[in-house]
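Listed here are the chains, written in short residue letters.
2 protein chains.
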Amino acid sequence: MLTQIETARSGRISREVRAAARQEGVSPEIIRRGVAKGTIAVLKNRLRRGITPLAIGQGLKVKVNANIGSSRDLASVKIELKKLRAALEVKTDTVMDLSTGEPVDKIREEILKNCPVPLGTVPIYGAALKALRRGKSFVELEPEEFFAEVELQAAQGVDFMTVHVGVNREAARVLRKTGRVLGVVSRGGALTIEWMKYNRRENPLFESYDRLLEIARKYEIVLSLGDGMRPGCLADATDRSQLTELSTLGKLVRRSREAGVQVMVEGPGHLPLNEIESNVLLEKKLCSGAPFYVLGPLVTDLAAGYDHIAGAIGGALAAWAGADFLCYVTPSEHLALPDIEDVREGVIASRIAGHAADIARGITGSARPDLKMARARKNLDWDTQIRMALDPAKARSFRDKHPPAEEEVCTMCGEFCAIRVSQGKRPK
Amino acid sequence: MLTQIETARSGRISREVRAAARQEGVSPEIIRRGVAKGTIAVLKNRLRRGITPLAIGQGLKVKVNANIGSSRDLASVKIELKKLRAALEVKTDTVMDLSTGEPVDKIREEILKNCPVPLGTVPIYGAALKALRRGKSFVELEPEEFFAEVELQAAQGVDFMTVHVGVNREAARVLRKTGRVLGVVSRGGALTIEWMKYNRRENPLFESYDRLLEIARKYEIVLSLGDGMRPGCLADATDRSQLTELSTLGKLVRRSREAGVQVMVEGPGHLPLNEIESNVLLEKKLCSGAPFYVLGPLVTDLAAGYDHIAGAIGGALAAWAGADFLCYVTPSEHLALPDIEDVREGVIASRIAGHAADIARGITGSARPDLKMARARKNLDWDTQIRMALDPAKARSFRDKHPPAEEEVCTMCGEFCAIRVSQGKRPK
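If you read the protein sequences in the order shown, they are chains P and C. Using my numbering, read the first sequence as starting at 1 and increasing by one per residue. Using my numbering, read the second sequence as starting at 429 and increasing by one per residue.
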């Protein structure tokens, strides 16, 4: 059975490529060429039903991911489904279920059933929880069990998976040698390093990467090569640990392509404004143009409670520089598991960043809605203004909180509305 | 009596320059030189008591302004004082009172009494309201009355004033000739153009700019040259109307300096990401390095309800490129007069942008708090994490909403906390 990459290389346009192209509003040939080269990934598990395949990568609109999922402190199927609905309502492009609070299998199943966009996971969490269920520690997991969990989730229909394959002995050695202010802040990265220490063995996902590739081929999983060594603070940005891992990921990108498996590469994290462009360039160079999936980046460490804003600043800049996929950050980052309102705010913040970057990159048609909004403002047409807003419900709530005395204006300027004054209607 | 510029040019360090330098954490000589050249403005009305003078400009930390003020729909002294306290609590550097809802004189007086940071206004609003009180339209105001209002507010102690001196016949002619999607979105700009049309006369503030300079000299007002022609949507960005006005402002900057009067220049508005750097460069070139005071800029027109985020993205980029002073935008921009919560969110969003830019520009010491935060995170020291957050009250509220089962971690990852796992503490 051919994979997407193989089909694309053969010059044929698969059903998935065609559907993704329609959704993107570009010709299927553009997507096919990108998939063939590996600069575009099309997300859809072979077994998954009821979703539109999504294309992510070079030359396409920036996409946004919303992380949901339970933790032991807040574990409920119902809450996760509510978060899912909230993320979809404000138009996230993908969802990741990062649950670490039981019942994780049930939560994943329910999310898969109710999620019409591609779903991603981090299978190492599931593996670790299974160890706990059996009264073991995750460090006691057999390599076999990691792959079993990957296969189990693949068979469930998960479309893309974060695998911390760059967290190997070399990366761990560089980390020990060069040190860091904040060490490892990736859960998958930290678990992997502890496993390697305890077992005095190489990371199985790195060592037996071919086994991962086999599973990915079978189910058409897009592997998202995780950044276990991403900087967790500005002081650790673009350091040797991060770059060592990125270089490993670049090699694995090439191996994946040879095996006909689609990949993306994950990136920081925390970066000062002036290091963002270079980080995107490095990923594109070292990883041969693979789609770049960034978490933030956060441009300050001080924004706890407002990290979605720090992330939107970094995300806009990263996407403008060429990042393809923005993982949202919510206001509760660094403080708590996001709730439903946080999910909404996180998605919108990332969508603002992605949309601003689309316009700056000159993506065809991306500025058209802005022009519609501008015309609606000119015409004091409030219905269209609300409808064109990224979050119409929120926009309406602001307008309804304090209705203006005159329908035509808003309470900000009232009769001093510049647009109305310019029409010759003077305040009285 | 010498003005700040004249004192600085003579090589002497004024009391105000010394105090501003102490607050900034730089040597007074740096501020003195900047004031002498006009690349730094020190804000404090000669008559104002109880405030620390504030330096804004090249080489200094980015500063943030919060706009408060009433509109006819929401006019209350009490609410304005609450907004003032909210803005100060989250550490705005300056406040502008943009009231257009009566009692504006009383509101201004009360804000001045309770505001320990520099206060700015837009006197044309006050002038227009006085016309309305007397049953006249603002277009019927005599030029004399504009200057009377400026002098009245100067005598009250206002520290800086926006004057739409670049909205002259030439700018209006270019606007008519070249057209625009959204026309004039500046209240002061729109009022001025209507006044010029009705009276078939030049804008008095432009025509008799020397009278403004006289008042500014007398009270040591910093004139903020308003951008009445700022683009109100992406489609109008960096157009001829905007650039015509900017060119006029550049000439007036030089006249102001000759007269010993400190000035800043105001800028957009709405700009796509990829036009921000050029806009900053243009201002710095055409206006001979005068401090640049930007409103946003908003990088999309679609963010109604979240415009503070669109503004933080644009503000961070503008400040990194050299803008010196960020006027906040609140979540209610384009929809309603901001309430107390909006004021908080707006100030913090701009502070994130300014702080990120300070770090990127390499302002000495600016990354130190981020390093402290990173160390607190490493040590799972939650008290310090909360204290170091830009808005400690908000950060605490997130943590308190769902207290974690174990004090050491947060509900996001719980026992899977990467930092704790890295310390060898395994989930059980």
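It cannot be assumed that every hint is accurate.
Listed below are the simulated DSSO-like cross-link pairs for lysine-lysine, each with C-alpha atoms no more than 30 Å apart in a straight line [claimed, not checked]: (1) P/Lys378 to C/Lys829; (2) P/Lys428 to C/Lys625; (3) C/Lys541 to P/Lys425; (4) C/Lys829 to P/Lys401; (5) C/Lys510 to P/Lys106; (6) C/Lys853 to P/Lys136; (7) C/Lys800 to P/Lys177; (8) C/Lys558 to P/Lys428; (9) P/Lys425 to C/Lys564; (10) C/Lys625 to P/Lys378; (11) P/Lys130 to C/Lys510; (12) C/Lys605 to P/Lys378; (13) P/Lys37 to P/Lys284; (14) P/Lys394 to P/Lys91; (15) P/Lys106 to C/Lys713; (16) C/Lys519 to C/Lys534; (17) P/Lys82 to C/Lys506; (18) P/Lys78 to C/Lys519; (19) P/Lys91 to P/Lys136; (20) C/Lys856 to P/Lys197; (21) C/Lys800 to P/Lys401; (22) C/Lys856 to P/Lys428; (23) C/Lys853 to P/Lys106; (24) P/Lys394 to C/Lys853; (25) C/Lys510 to P/Lys394; (26) P/Lys91 to C/Lys829; (27) C/Lys806 to P/Lys136; (28) P/Lys82 to C/Lys856; (29) C/Lys558 to P/Lys378; (30) P/Lys401 to C/Lys806; (31) P/Lys177 to C/Lys853; (32) P/Lys82 to P/Lys113; (33) P/Lys372 to C/Lys605; (34) C/Lys558 to C/Lys541; (35) P/Lys401 to C/Lys856.
Hints are computed from structural coordinates only; laboratory data are not their basis.
Going through the hints against the structure:
Between P/Lys378 and C/Lys829, the direct Cα distance comes to roughly 42 Å. Violation of the 30 Å bound is thereby established for this hinted pair. Proposed proximity of P/Lys428 and C/Lys625 is supported: the alpha carbons are some 18 Å apart, at most 30 Å. The hinted pair formed by C/Lys541 and P/Lys425 fails the criterion: a straight-line CA distance of about 35 Å is larger than 30 Å. With a C-alpha separation of about 25 Å, the suggested pair C/Lys829 and P/Lys401 falls inside the 30 Å cut-off, and the hint holds.
Straight-line distance between C-alpha atoms of C/Lys510 and P/Lys106 comes to about 48 Å, which puts the hinted pair past the 30 Å bound. Simply put, C/Lys853 and P/Lys136 have alpha-carbon atoms about 14 Å apart, close enough for the 30 Å limit, and the pair holds. Among the hinted pairs, C/Lys800 with P/Lys177 is consistent with the structure: their alpha-carbon atoms are about 23 Å apart, no more than 30 Å. The suggested pairing of C/Lys558 with P/Lys428 holds, with an alpha-carbon distance near 11 Å, which does not exceed 30 Å.
A hinted pair counts as satisfied when its Cα atoms are at most 30 Å apart, and P/Lys425 with C/Lys564 qualifies at roughly 14 Å. This hinted pair checks out: C/Lys625 and P/Lys378 have alpha carbons roughly 20 Å apart, not beyond 30 Å. With a C-alpha separation of about 53 Å, the suggested pairing of P/Lys130 with C/Lys510 is violated against the 30 Å cut-off. Between C/Lys605 and P/Lys378, the direct Cα distance comes to roughly 18 Å. Compliance with the 30 Å bound is thereby established for this hinted pair.
A hinted pair counts as satisfied when its Cα atoms are at most 30 Å apart, and P/Lys37 with P/Lys284 qualifies at roughly 13 Å. For the hint linking P/Lys394 to P/Lys91, the alpha-carbon distance of about 14 Å falls within 30 Å, and the restraint holds. For a cut-off of 30 Å, the pair hint linking P/Lys106 to C/Lys713 is broken: about 62 Å separates their Cα positions. A C-alpha spacing of about 24 Å is found between C/Lys519 and C/Lys534, which places the hinted pair at or below 30 Å, so the restraint holds.
The suggested pairing of P/Lys82 with C/Lys506 is violated, with an alpha-carbon distance near 39 Å, which exceeds 30 Å. A hinted pair counts as satisfied when its Cα atoms are at most 30 Å apart, and P/Lys78 with C/Lys519 does not qualify at roughly 40 Å. Simply put, P/Lys91 and P/Lys136 have alpha-carbon atoms about 40 Å apart, too far for the 30 Å limit, and the pair is violated. For the hint pairing C/Lys856 with P/Lys197, the CA-to-CA distance comes to about 18 Å; that is within 30 Å, so the pair holds.
Only pairs whose Cα atoms come within 30 Å are accepted, and C/Lys800 paired with P/Lys401 is rejected, the gap being roughly 40 Å. Restraint check for C/Lys856 and P/Lys428: the C-alpha separation of about 70 Å exceeds 30 Å, so the hint is violated. Note on C/Lys853 and P/Lys106: the hinted pairing holds, with a Cα-Cα distance of about 27 Å set against a maximum of 30 Å. Distance restraint check for P/Lys394 and C/Lys853: the Cα-Cα separation of roughly 42 Å exceeds the 30 Å cut-off, and the hinted pair is therefore not satisfied.
A hinted pair counts as satisfied when its Cα atoms are at most 30 Å apart, and C/Lys510 with P/Lys394 qualifies at roughly 24 Å. As the CA atoms of P/Lys91 and C/Lys829 are separated by approximately 26 Å, the hinted pair is consistent with the 30 Å bound. Distance check on the hinted pair: C/Lys806 and P/Lys136 sit about 27 Å apart at the alpha-carbon level, within 30 Å; holds. Restraint check: the Cα-Cα separation between P/Lys82 and C/Lys856 comes to about 28 Å, which is no more than 30 Å; the hinted pair holds.
Taking the CA atoms of C/Lys558 and P/Lys378, the gap is about 28 Å. The hint holds against a cut of 30 Å. Note on P/Lys401 and C/Lys806: the hinted pairing is violated, with a Cα-Cα distance of about 42 Å set against a maximum of 30 Å. With a CA separation close to 22 Å, the supplied pair P/Lys177 and C/Lys853 stays within the 30 Å bound. For the hint linking P/Lys82 to P/Lys113, the alpha-carbon distance of about 13 Å falls within 30 Å, and the restraint holds.
Among the hinted pairs, P/Lys372 with C/Lys605 is consistent with the structure: their alpha-carbon atoms are about 23 Å apart, no more than 30 Å. A distance of roughly 22 Å separates the Cα atoms of C/Lys558 and C/Lys541; the hinted pair therefore holds under the 30 Å criterion. At roughly 48 Å between alpha-carbon atoms, P/Lys401 and C/Lys856 are farther apart than 30 Å, so this suggested pair is violated.
In this structure, the hints that do not hold are numbers 1, 3, 5, 11, 15, 17, 18, 19, 21, 22, 24, 30 and 35, in rising order.
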